[in-house]
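Put together the whole structure using the sequences plus the hints.
2 protein chains.
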Amino acid sequence: MSGNVLGERELIRRISEILGGVENDDCAVIDAGERYLVATTDMLHRKTDFPDIMNPWQMGWMAVAVNLSDIAAMGAEPAGVLIAAGLPPEADLYFIDELFSGFGDCAAYYGTRIIGGDTDAHQELTITGTALGFVEKDLVLRRRGARAGDLLCTTGALGGAGGGLWAWQNEVESEFITRLLEPEPRLKEGQALAKSRAVTAMMDNSDGLALSLFDLAEVSRVGFVVREEALPVADCLAKMVGQEKALEMAMSAGGDFELVFTVRPGELEAARRACRLTVIGEVVEEGIWMERGGERRRVEAKGYEHRIGGVD
Amino acid sequence: MSGNVLGERELIRRISEILGGVENDDCAVIDAGERYLVATTDMLHRKTDFPDIMNPWQMGWMAVAVNLSDIAAMGAEPAGVLIAAGLPPEADLYFIDELFSGFGDCAAYYGTRIIGGDTDAHQELTITGTALGFVEKDLVLRRRGARAGDLLCTTGALGGAGGGLWAWQNEVESEFITRLLEPEPRLKEGQALAKSRAVTAMMDNSDGLALSLFDLAEVSRVGFVVREEALPVADCLAKMVGQEKALEMAMSAGGDFELVFTVRPGELEAARRACRLTVIGEVVEEGIWMERGGERRRVEAKGYEHRIGGVD
Numbered sequence: 001m002s003g004n005v006l007g008e009r010e011l012i013r014r015i016s017e018i019l020g021g022v023e024n025d026d027c028a029v030i031d032a033g034e035r036y037l038v039a040t041t042d043m044l045h046r047k048t049d050f051p052d053i054m055n056p057w058q059m060g061w062m063a064v065a066v067n068l069s070d071i072a073a074m075g076a077e078p079a080g081v082l083i084a085a086g087l088p089p090e091a092d093l094y095f096i097d098e099l100f101s102g103f104g105d106c107a108a109y110y111g112t113r114i115i116g117g118d119t120d121a122h123q124e125l126t127i128t129g130t131a132l133g134f135v136e137k138d139l140v141l142r143r144r145g146a147r148a149g150d151l152l153c154t155t156g157a158l159g160g161a162g163g164g165l166w167a168w169q170n171e172v173e174s175e176f177i178t179r180l181l182e183p184e185p186r187l188k189e190g191q192a193l194a195k196s197r198a199v200t201a202m203m204d205n206s207d208g209l210a211l212s213l214f215d216l217a218e219v220s221r222v223g224f225v226v227r228e229e230a231l232p233v234a235d236c237l238a239k240m241v242g243q244e245k246a247l248e249m250a251m252s253a254g255g256d257f258e259l260v261f262t263v264r265p266g267e268l269e270a271a272r273r274a275c276r277l278t279v280i281g282e283v284v285e286e287g288i289w290m291e292r293g294g295e296r297r298r299v300e301a302k303g304y305e306h307r308i309g310g311v312d
Numbered sequence: 001m002s003g004n005v006l007g008e009r010e011l012i013r014r015i016s017e018i019l020g021g022v023e024n025d026d027c028a029v030i031d032a033g034e035r036y037l038v039a040t041t042d043m044l045h046r047k048t049d050f051p052d053i054m055n056p057w058q059m060g061w062m063a064v065a066v067n068l069s070d071i072a073a074m075g076a077e078p079a080g081v082l083i084a085a086g087l088p089p090e091a092d093l094y095f096i097d098e099l100f101s102g103f104g105d106c107a108a109y110y111g112t113r114i115i116g117g118d119t120d121a122h123q124e125l126t127i128t129g130t131a132l133g134f135v136e137k138d139l140v141l142r143r144r145g146a147r148a149g150d151l152l153c154t155t156g157a158l159g160g161a162g163g164g165l166w167a168w169q170n171e172v173e174s175e176f177i178t179r180l181l182e183p184e185p186r187l188k189e190g191q192a193l194a195k196s197r198a199v200t201a202m203m204d205n206s207d208g209l210a211l212s213l214f215d216l217a218e219v220s221r222v223g224f225v226v227r228e229e230a231l232p233v234a235d236c237l238a239k240m241v242g243q244e245k246a247l248e249m250a251m252s253a254g255g256d257f258e259l260v261f262t263v264r265p266g267e268l269e270a271a272r273r274a275c276r277l278t279v280i281g282e283v284v285e286e287g288i289w290m291e292r293g294g295e296r297r298r299v300e301a302k303g304y305e306h307r308i309g310g311v312d
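Read top to bottom, the protein sequences are chains A and B.
If you read the first sequence in the working numbering, its first letter stands for residue 1, the second for the next number, and so on.
If you read the second sequence in the working numbering, its first letter stands for residue 1, the second for the next number, and so on.
Keep in mind the hints are simulated off the structure, nothing from the lab.
Quick caveat, the model's predicted, so the values are computed rather than measured.
A few of these clues could be false.
To spell it out: a stretch of chain A is covered by chain B in this simulated footprint if at least three of its residues, at any positions, have a beta carbon under 8 Å from a beta carbon of chain B; those stretches are [to be verified]:
1. 96 to 106
2. 115 to 124
3. 127 to 139
Quick list of in silico lysine-lysine cross-link-like pairs, DSSO-like style, CA-CA up to 27 Å [to be verified]:
4. B:Lys-47 with A:Lys-47
5. A:Lys-137 with A:Lys-188
6. B:Lys-188 with B:Lys-137
7. B:Lys-137 with B:Lys-195
8. B:Lys-47 with B:Lys-245
9. B:Lys-137 with A:Lys-137
C-beta atoms are modelled at their ideal positions from N, C-alpha and C, and glycine is treated no differently.
Rendered as structure tokens:
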């Protein structure tokens, strides 16, 4: 097997076996008495996660935002964020001040704060954020729970962050770049959807809609049909990259941090009262399908996935 | 100021200002209804934190143990551990299996488990553990609370991990090496001491006793006298490194993960019923002092501190 590498999802399966089962959700869920405590952690580092154009404030914002998005996906209210920061030798005081202001500003924007952390010297800038939240026990939303016949929905628009990456790589000026660098997780929407009691399963689409659908499908043991014409492709994205590329970005590009969720068919109005959403398809028995002009084709898992570890 | 670097404690003060105050405790404390939730995070990486002789199982054990020690220091019961692991290209399946077994075994040894995490590809092995715990609100122990006249105490023996580092560096075979590589945080002792209600302030001594005393002194606005002859220097350490060096290790070497705490003078018996402890001195109005043969001399802050960030 020399030269092989493990994909992130395969690695997670292996680790889950070693550790005796880790729930496949955006957050871990712990009994905290009256409510559930939800907790999530995410390691970001310079080379893989921070594009060159990102300023240190944005790096700080991003490190907190990606974790809060996982709190949002559980329908939880954030209760605090911990930050472990490995700072490289070239990090000067300006960099440090901006980075930590980014942490604090993102937390404050979502009504929470940085409650603790750890600093360390590191060769490469490495930031691990951990977000904590609480949710009423009967409101918590998980990846499992979707049932055939449920409606498939998303918050916001899709493909904007992908457009930002494209614009940056092609040296085009575009507002999408800000969307890529300063994501806005859907905390309010997540909580409101949980309270609506109309949602059967939820996760965020941080690795792209397609991968999220594969994850939801696996855990809920269902499939999905996505109606292409229903996808809320980000405004003006098609103008910049063309119609086909825009659709591909809406389907597969990571970084949007929207919520993908399923709604009981009779309760769509309750979900709509909770937040702005778009119905993009429905839950079926098996497979991930894209429907265009009445025709269905299978969707391959496509999206952002780190490759990890050499296999000897 | 070119060429200067910030010490970890100075950096933490600066960050605390930016973030509007972060409590100086082993864990962050969050209201979770009937109890407090305590949470801590620690980033470890190959070069700084994992000696060459460490095997991957020990790296995993260590990453969990350092965090559980912070839970112990609050008098809390662990409720779960999150692990973010940045794995280098040379990490093969054996390495990954052993590393994650180390995480899981340490958590299980202390009656908790790995509840979630994140994996990432990284140039240098980097592990951020986050430990969560719960504690009754009226039992939580903090760094502040020590008052002049209280007795200064420690669990276990001191200097063993320092002896392990010395033995490794000097290529001497010694059981101290295991103590360095497989630390055993004092979870039971921490909880029992909290329940005894005899303790006024507590923290772990992960960076060495001297640095812990400086931290406790700053937060509690007190001083300490340590009676040198009372220090529970690890058995046989003096035989290996000599009497003076052994005392220095007991006072300043990091890695022991014992609990340092202060006890109301009338309640020493209650504390003794909670766990084995040694009274090593007492709380005074100001200064950190070492007493030998009736004479007192001031102790300088000496211990393990990462240097972080260039200042331009």
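I'd like to know which numbered hints this structure contradicts. Please list them from smallest to largest.
Violated hints: none at all, because every hint is consistent with the structure.
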